[in-house]
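S.K.: Numbering (this note's numbering), first residue to last: 600 to 861.
Just so you know, these hints were derived from the structure itself, not from any lab.
Have a look at the derived ranges for each label pair, beta carbon to beta carbon:
1. ALA610 / GLU639: 37 to 45 Å
2. LEU616 / GLU721: 50 to 58 Å
3. SER809 / GLU721: 19 to 27 Å
4. GLU820 / GLY627: 34 to 42 Å
5. ALA718 / ALA661: 36 to 44 Å
6. SER809 / VAL700: 19 to 27 Å
7. SER748 / ALA661: 38 to 46 Å
8. VAL700 / PRO751: 22 to 30 Å
9. LEU668 / ASP808: 36 to 44 Å
10. VAL678 / ARG641: 37 to 45 Å
11. HIS769 / GLY658: 41 to 49 Å
12. SER750 / THR783: 15 to 23 Å
13. ALA819 / GLU740: 23 to 31 Å
Just so you know, even glycine gets a beta-carbon here, dropped at the ideal spot from N, CA and C.
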Amino acid sequence: MTDPAPSSPEASYRGVLAANLVSLAIVGWYGVRYLDVALEVRGKVASVFSVPPWYLYSGGLALAAIGALVGAAARIRRVPPQRQVYRLLPVLAVAFLGLHVFVVPPCLLPVHADQIVAAQLEMVESESLLAKDGRFTSQPEQVASALSSYSPPFVGRDGQPLGRWHVMVHSACTGPLSEAPAGTDPGTILYCISTDRSKVWLHALGTGDSLAGGPAFVRAEGRPAVLALSLPSASLPEAASPEAATTSPGEAPDASAPRGRD
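Using the sequences and the accompanying hints, generate a full structural model.
M.R.: Written out as structure tokens, the structure is:
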């Protein structure tokens, strides 16, 4: 029985070259893809969970370029394929993928963010939006306070989350809005209240189905998500009075109106 012939140096070089090219392609694909995203949303309000840290991918591209140059220089100098220098780029690629999979938080696509926001919008209780006179408040501060216990908007600027929802109040509404007002940024709650303050409609604005689009209504099941709340007629005061003067001295305000929905 004859021993198998040892592989030729050229065949070994081809195997090393293939491993390095595959490693370079993997790092390059991730790096270029996410750097392109980072440049697209730079300075804009964008879906923050769809924008991974730019420095990881720019650093990965830089290390991949260094590894490729080192490997090319070694090949030009005809360093034997068994030398460790040819393993530099594959090792860097494995480390890069490990950081991407196990360290960087998973990206949340805009459509998934919409689903989470729509679900949280449905959890807002009408009692948290009542003024002292038992009708819905028209004060944006109280609306913002009622929303403070929920997740902040899944949008940010330059990769930094906005931190809280901005509330915009629309008065004398007869129903939900049909389109987002011009000049409104993603990360805004549109709070529409009827003239008698017995009904409210809440919309949330995101970036639609794009990274830096918008403003667009957060959607659920293919249509804009709207939370419609109303007070039963039996619980309404006889006359709608201003919020600031709703109780007489020694009388406790009534804030126990039951919740109702359109």
